[in-house]
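Just so you know, the protein sequences line up as chains A and B, in that order. Using this note's numbering, the letters of the first sequence map in sequence onto residues 6 to 278. Using this note's numbering, the letters of the second sequence map in sequence onto residues 18 to 571.
Since the hints were derived computationally from the structure, they do not count as laboratory data. Every value quoted in this text rests on a predicted model; they were computed, and no experiment measured them. C-beta: ideal position from N, C-alpha, C; glycine also. You may find that some hints are simply not true.
[Unchecked claim] Label-pair distances were calculated between CB atoms; the ranges are: (1) L165(B) to Y135(A): 43 to 53 Å; (2) D64(B) to R71(A): 47 to 57 Å; (3) H221(A) to L165(B): 51 to 61 Å; (4) H221(A) to N117(B): 23 to 33 Å; (5) H221(A) to G95(B): 19 to 29 Å; (6) R69(B) to A211(A): 40 to 50 Å; (7) P43(A) to L149(B): 33 to 43 Å; (8) L148(A) to A158(B): 25 to 35 Å; (9) A262(A) to A27(B): 34 to 44 Å; (10) G95(B) to Q11(A): 27 to 37 Å; (11) I48(B) to L148(A): 26 to 36 Å; (12) E25(B) to R39(A): 35 to 45 Å.
[To be verified] Far from chain B, some chain A residues (derived; all Cβ distances over 12 Å): (13) V17; (14) G73; (15) G77; (16) A84; (17) H234; (18) G239.
[To be verified] Computed footprint of chain A on chain B, listed as stretches where at least three residues anywhere in the stretch have a Cβ under 8 Å from a Cβ of chain A: (19) 68-80; (20) 85-91.
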Amino acid sequence: MSAVLQRHNVKVLGQGQQPMVLAHGYGCDQNMWRFITPAFEDRYKIVLFDHVGHGQSDAATFDRTRYGSLDGYAEDVLAICRELDLKDVIFVGHSVSAMIGVLAAVREPERFARLVLIGPSPCYINDGDYVGGFKREDIEGLLDFLDSNHLGWSSTMAPVIMGNPDRPELGEELTNSFCRTDPEIAKHFARVTFLSDNRADLPRLAKKALILQCSHDVIAPEAVGRYMHQNLPGSEFVLLRATGHCPNLSAPEETIAAMEAFLRDPAPAKAVA
Amino acid sequence: MDPGALCETAEELYESAPCGYLSTLPDGTIIRVNQTFLSWIGMERNDLVGHRCFQDLLNVGGKIFYDTHFAPLLRMQGFVNEIAFDLTCADGRQLPVLANTVQKLDAAGRPMVHRITLFNATDRRKYERELLLARQKAEQATEELKRLNETLEERVAQEVAERLKAEEALRQAQKMEAVGQLTGGIAHDFNNLLTIIVGNIELIQRRLPEGNERLQRATDHAMEATRRAATLTQRLLAFSRRQPLDPKPIDANKLVAGMSELLRRTLGETVVLETVLAGGLWRTQADPNQLENAIVNLAVNARDAMPNGGKLTIETANTRLDEAYVEALAEPVPPGQYVRVSVSDTGTGMDKATMERVFEPFFTTKEAGKGTGLGLSQVYGFVRQSNGHVWIYSELGEGTTIKIYLPRLIGSDEEPTETPPQKPEMVKGAGETILVVEDEPSLRAYSVEALRDLGYRVLEAADGKGALAVVEQHPEIHLLFTDVVLTGGMNGRVLAEEVARRKPGVPVLYTTGYTANAIVHHGRLDPGMHLIGKPYTYAELAAKVRSVLDEAQF
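Okay, chain A solo, but in the shape it has when bound (with noise of 0.2 Å):
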């Protein structure tokens, strides 16, 4: 296997020709997508990876310089397309991968042909009029939060506060065994998320792309959806039933559903007025 491949544990499905590329978002791996994959895998070549940092990835890879943008996190998207020498893409982004996969396909075009953006914010703190649906302190408070290690995350972390050099498996059977980050680069990660401001890259995505909004998502709130329909050319909106943040997990089918309609409509992408 690659060196691309290994460092971000790709994986190949399904029996398709176009592929889809499915990337998770901030705090998971691939794992998240366990229950939509098996919904396309008989018509799609599904390609799942791990950020850099996150599931089985090679965290010794791991740049801050590198990954001191979602830039470098797109670079990372073009690398895995390249190796695979994948085109017609279609790229499933949740959460902050969501924004990557946009920066991705502004950078090559050519490569993609649909986006499906889950729950995807440009930018997470309000600003003037933009509601992100974070003040400033709250992102604040949240990165000292992460750096005091005082961690919601002491389960998915627990290596950090139980770790025992000598018996890691005692780490092991206390930690919950899906979505392992390395905390040094979640506390990363999280600080280049939750700080990032894309909206200027909006409107250079010439892309057909669909939005799926959750209700009551606390994390990319409604009005952060609506503006990234106003502000993407060519970009469908659908405001999901489902709750949270995480759709994929909480509502497949009704996500299921949208993606399919989505990516049945053979129509050009539309130009949003």
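With chain A held as given, fit chain B onto it using these hints.
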């Protein structure tokens, strides 16, 4: 009585358990909560049930974690254990809790309800914080240790090199000091001997019968040789920093300009002399004769280093030696403002080994008979004695620069004095009484005889005690002529003070080969004190004694 009434009911166990119980719908809406939890956060059951979501009670970090980690995990694995949350209580307080959650599914396998068990984690959080701090400290210490280890070799090498350099500098300084003491001692004794020789040659010259030209020439040669010997001892004393200096305010520009004719003659036709004199040059305080000597010595060395001709540049400048610079020096030099006189040549230069030894007396690179090895020693000794600093830089084949730093003179309105022509004149005495105090008998005899010859009445003593006895008996003395260093526990200065107490107003003329600290403070004449350096000639003695006596009469 119903025995069942004695047992706890399930309701009691639920409500008063030592942990908080919550049931929520999959979207987080609270549908049941126990009393323990309510009392922890200070809210009413009706405010919560059906109205609030569990994640609403969390702080911002907790809310984000709930959506990004907690809910996905619960959905994927059916349970989540030991999640550390902070609950926001009714009064705004944060309550640290540990949450275990199980997801219950309905018959169709869809999520139906979450059962959340919360433990009060206040104490545990405190331990965790301490643990984390201790861990951070340990990591920092480990990191520091690692860094130290990585750089250990380098630091040891650096340390050793610095130590070696310091030791070398110290060794050099000690060597110079030792050589200085040795040469100073020799020169001092030698000076005394020369004084006697000079005096006796002069005596012979005066008593020689007219017309005996052969003997006349012989004594002339002898006198010339003793003068040269006296010059040598002077240089030795200069090196040992024990020459009596007569420091005066100096304008180094004027001094250098005044020397240019002398220098041109010294340098010869093949060497071009260039002087670069700084405008607004500060004044310094030093013995102008010795500074001239130093410049001549440097010029002679430069000339000899340029056998095929070249250029000699003398520059003056105002400069400052900073703390860092002086700290690196082997000798103690105070930081501050200095007047710099530098002499540069385009000659052969010298290697490092030579540079290290150039200031040593008798060290010379010149052919036997060509150099005394005392030129640079004089420069070094004079400058050091004047609280200055000498810096030497040389490149083989390129040339040499020697810089003399003399302290800036501040706060004196005294005009720089021109170097006075010192032509001693024979002046006779008029019967004044002079008390000669000298512990060296033959030197005392010479002085006594010379002064008597000049027409003075002379009393003598070998030490301070004897001198005071003489003063008691002969209160008529007009002049005390004393060696600075005396045996018998009383030096010349103390003696002078004692004499002054008994007979105020008696002038004092000191003499010395070198001076310790008695009348010459750090090698300098105190203002108002008269000194005649050994070896002195008959004529010099005559002139000096006369001028002191004449001055005292005003």
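A quick look at each hint next to the structure:
no.	hint	in the structure
1	L165(B) to Y135(A): 43 to 53 Å	holds (50 Å)
2	D64(B) to R71(A): 47 to 57 Å	holds (48 Å)
3	H221(A) to L165(B): 51 to 61 Å	holds (55 Å)
4	H221(A) to N117(B): 23 to 33 Å	holds (25 Å)
5	H221(A) to G95(B): 19 to 29 Å	holds (23 Å)
6	R69(B) to A211(A): 40 to 50 Å	holds (44 Å)
7	P43(A) to L149(B): 33 to 43 Å	holds (42 Å)
8	L148(A) to A158(B): 25 to 35 Å	holds (26 Å)
9	A262(A) to A27(B): 34 to 44 Å	holds (42 Å)
10	G95(B) to Q11(A): 27 to 37 Å	holds (31 Å)
11	I48(B) to L148(A): 26 to 36 Å	holds (33 Å)
12	E25(B) to R39(A): 35 to 45 Å	holds (43 Å)
13	V17	holds (21 Å)
14	G73	holds (21 Å)
15	G77	holds (20 Å)
16	A84	holds (25 Å)
17	H234	holds (21 Å)
18	G239	holds (28 Å)
19	68-80	holds (count 7)
20	85-91	holds (count 6)
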